[in-house]
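Asks: Letter by letter, the chains look like this.
Number of protein chains: 2
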Amino acid sequence: MSYAAPIADMRFALEACADLWRLRERYPDLDADLLSAILEGAGALAAETLAPINRSGDRAGVILGGDVVVAAQGFREAYEAFKAGGWQGLAADPAYGGQGLPRAVALAVMETVHSANMSFGLLPMLTLTAIEAIEQHGAPDQKNLYLEKLISGEWTGTMNLTEPQAGSDLGALTTKAVPQADGSYAITGQKIFITWGEHDLAPNIIHLVLARIDGAPAGSKGISMFIVPKYRDEDGSRNAVRCIGVEEKMGIHASPTCTMAYEGATGWLIGEENRGLAAMFTMMNAARLNVGMEGVAVAEAAYQKALAYARDRKQGGALIIEHPDIRRMLTTMRAKIQAGRAICYACAVAADAGDKAREDLLTPLAKAWCTDLGVEVASLGVQIHGGMGFVEEGGAALFYRDARIAPIYEGTNGIQAIDLYGRKLLSDRGDAMRALIADTRAIASAHPRLASAADALERATDHMLSAAREDALTGASAYLALAGDVAGAMLWARGLKRAPNVEQASLYNFYCESVLTRAEARVAEISIGAAALCV
Amino acid sequence: MSYAAPIADMRFALEACADLWRLRERYPDLDADLLSAILEGAGALAAETLAPINRSGDRAGVILGGDVVVAAQGFREAYEAFKAGGWQGLAADPAYGGQGLPRAVALAVMETVHSANMSFGLLPMLTLTAIEAIEQHGAPDQKNLYLEKLISGEWTGTMNLTEPQAGSDLGALTTKAVPQADGSYAITGQKIFITWGEHDLAPNIIHLVLARIDGAPAGSKGISMFIVPKYRDEDGSRNAVRCIGVEEKMGIHASPTCTMAYEGATGWLIGEENRGLAAMFTMMNAARLNVGMEGVAVAEAAYQKALAYARDRKQGGALIIEHPDIRRMLTTMRAKIQAGRAICYACAVAADAGDKAREDLLTPLAKAWCTDLGVEVASLGVQIHGGMGFVEEGGAALFYRDARIAPIYEGTNGIQAIDLYGRKLLSDRGDAMRALIADTRAIASAHPRLASAADALERATDHMLSAAREDALTGASAYLALAGDVAGAMLWARGLKRAPNVEQASLYNFYCESVLTRAEARVAEISIGAAALCV
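So the sequences go chain by chain: A and B. Numbering of the first sequence is given in this note's numbering, commencing with residue 1 and proceeding in unit increments. Numbering of the second sequence is given in this note's numbering, commencing with residue 1 and proceeding in unit increments.
The hints are simulated quantities; they were obtained by calculation from the structure and are not laboratory data.
The list cannot tell twin chains apart, which means a pair is met if one copy fits it or any two copies do.
The list that follows gives simulated cross-link-like pairs (lysine to aspartate or glutamate, EDC-like), each with its CA atoms no further than 20 Å apart:
1) Lys314 to Glu470
2) Lys314 to Asp169
3) Lys314 to Glu163
Since the model is a prediction, treat every value here as computed from it, not as a measurement.
With the hints as extra help, turn the sequences into a complete structure.
Replies: Listed below in structure tokens is the structure:
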């Protein structure tokens, strides 16, 4: 399965659309040459090392024997190469061996990793979230103990949130933490859906676990976060945390999804007691943006595969790429990918620039809008392959199966829509969204479709702010979709102004005429109201 | 996996929307009691016999040993029950043991079969297409030889079109037919993607095969159709047709998708020499409508599964069905299903009524619009399940995987869009479509959304008729989507007029406010033009 990092599209999105170079003062070491070298290097790793084991990993899956999980063939060597390249620590703290580069650059690197092999990409992605949690919430001795080894990739990390009885409802967690004489806690409970929760690619795994300290308040205000290493720091002995099952899933077969049993495991509080949700949100935000990137990445992989097929496959004496409907699908794929890429990169640049309001606003858009596009584009990729798309040998089915997880994990896309409404829109009475609309208007004078879409988004925003809660929640997913449609176009239009580019301009134009034209219909969907629901 | 035939929704779509009783004079034996008994009986078979082996069949798949294909456990008993119930011959010619009922009733029966077990449903569906081809194109002795055994279900049938080098392009077929002294032909070639091409559930399989007689004109005008029985009629000896491979697919695992090798197999010409495409289109039209029904059926199964999950699963102390976004998804699912069901049933009623223009117009809508909704609704079903949707144990993933084939086979949905444009719209200069628009206007006076959508469809129709071919083909899929949106609503509005129903009315209203609101955006997509494509 050949994949080549779309460096030109990536650089246009990163530099022109997401305005990477606004970070020049904050990151003086980064220049265009270094950026180029990083993207080329990551692209080479993705193409030469990760993509070749994507299909084989999908077929092989992982093997659970006792409590040991054996990764698919080739994953050990691939992880060694990833580690050796220093890719894990690209954006991490130089004090612990990181390279201190912008998260946006690290995110672009992860795009190529996810495109080449989404199952593999989840391992460094989860490690990254653990690094961010410890960097931001860890005590100095915790940083000293864990960061260097996580940043080098020697150890890997996990997030342990979900329990069998509590999916997205973290307040219902029952895993308990009992204080011990040495300052540690004994952690007992079961966690499900733990990505790369157990594996044989690293000598230690650092679990970040939400649990409830004895006597803590009920609900989400009584949750704390703990570090639970697979091997104890004190003596290197095996901790009482074990993988007791791996899920049989529709996709990402080579990524073990583990059920973890904690039976009095030694854990160390990270951050304050009962403030685990705050620490968790640090991880979640990083993870959500990365999952959004996965959506774009799997779409890119599906697009490249479909394009190659369409250029190679003859039908009726002509290549199928000559059929307008095939070209329409391919153009749709590429246009949506490019808009989604701009959203993800811009979210990361906002985070790097300390523009918290824009980062917070773009995070649910990146997560939900881009993962929905991942599914849609992967499905178009199957369609372009015809019968070969449904046959596993064809290679397109894999992307369709893999892509389907991204709208679900790290908070379903429905939860992203609630987040956009409740935590982003209501919490500042729409200020952050109005700033995005103002940015859109500022660029839209020469773009009538974009100007109309900005108007629609403004009306929709007014509606969301004034509507009864149930009515607003009924329209929240459509509102997120409209906001994503507009944000992608706004960033793209800005990019074209910064760096005029004929190819990008025509793709942008297609996007406006096929996506932004839906803005009024989105407003109707947003305004439909809870009374219209009849299930 | 529990499934219950949605008899009330089915009857509303069949009797009220599709106007089944306009067939009263043609089918005097059918009355409401018989209809009720048939639907209840089919629903019971689907729920009690077919649904219970859906998951197990998906896991087991089929086994190819030598040239023998062994069906999954339970399929033999299920097929015996299907046969014993006389379900195969519901709409077939009474002269050969059929029951002579409307195809619309048989289609509704097939809906329940496909919902319960899409892999299973493909077997009687393919037999049905063979029956229709022989009924319409077979010589009297061919009818005598095959029809009774196909109609009883004792033997099954297949369609052999695709070859490795020629997917949708039938003109490129190379399978050859050499005339023999006894009037038969020796058929040699390879066919791929042959559904239920080989299996162990029936003592004989009747293959309908497209091939080229020695010396026939090149291209699609040199193709003839042949009957190739697995066991020869003359002496019961094994014919030289063998299954040499089964595909490993993303879904419909229990339905064998076979590569068939013909090595001088005895075949008998059906219909005229070089007129194979006409006979093939008879089969294709029946198959396309049935595939559209599959889309609705798998969507219904996904909907029922998701509804049950949402009513059972607690999150944050409440059932997830109480969340507006979950209810929005469920309402969307049910509304689209009901519109799609009306389109499929109305297409069958048009066929039964001899309304060829309407049947021809609705066939590509049924095939493409309803299979796209199958994928979309199955994906929503996964989403409602959250993490359990991605885990195979949850049961929702199966529908998402199975649904994905329907937009591909029996002519991809892109081909349906070309068919709608070329063979339906251009061939009568839009008369059939204008009749559908007139029907819509006639019912739309009290339905402003529907009236606007009819206007949009008319403008789009004018555009399609006047646009350059490449531009029209660029917009053809969006045009089909708009036509389906409108046709579904028109049929539904008619049904509500014939049989007022509060529940259906509120679902219809949701459909208008969430689907028909997109009509203007569809017109923009339809009009985008080939120059906007940039891949």
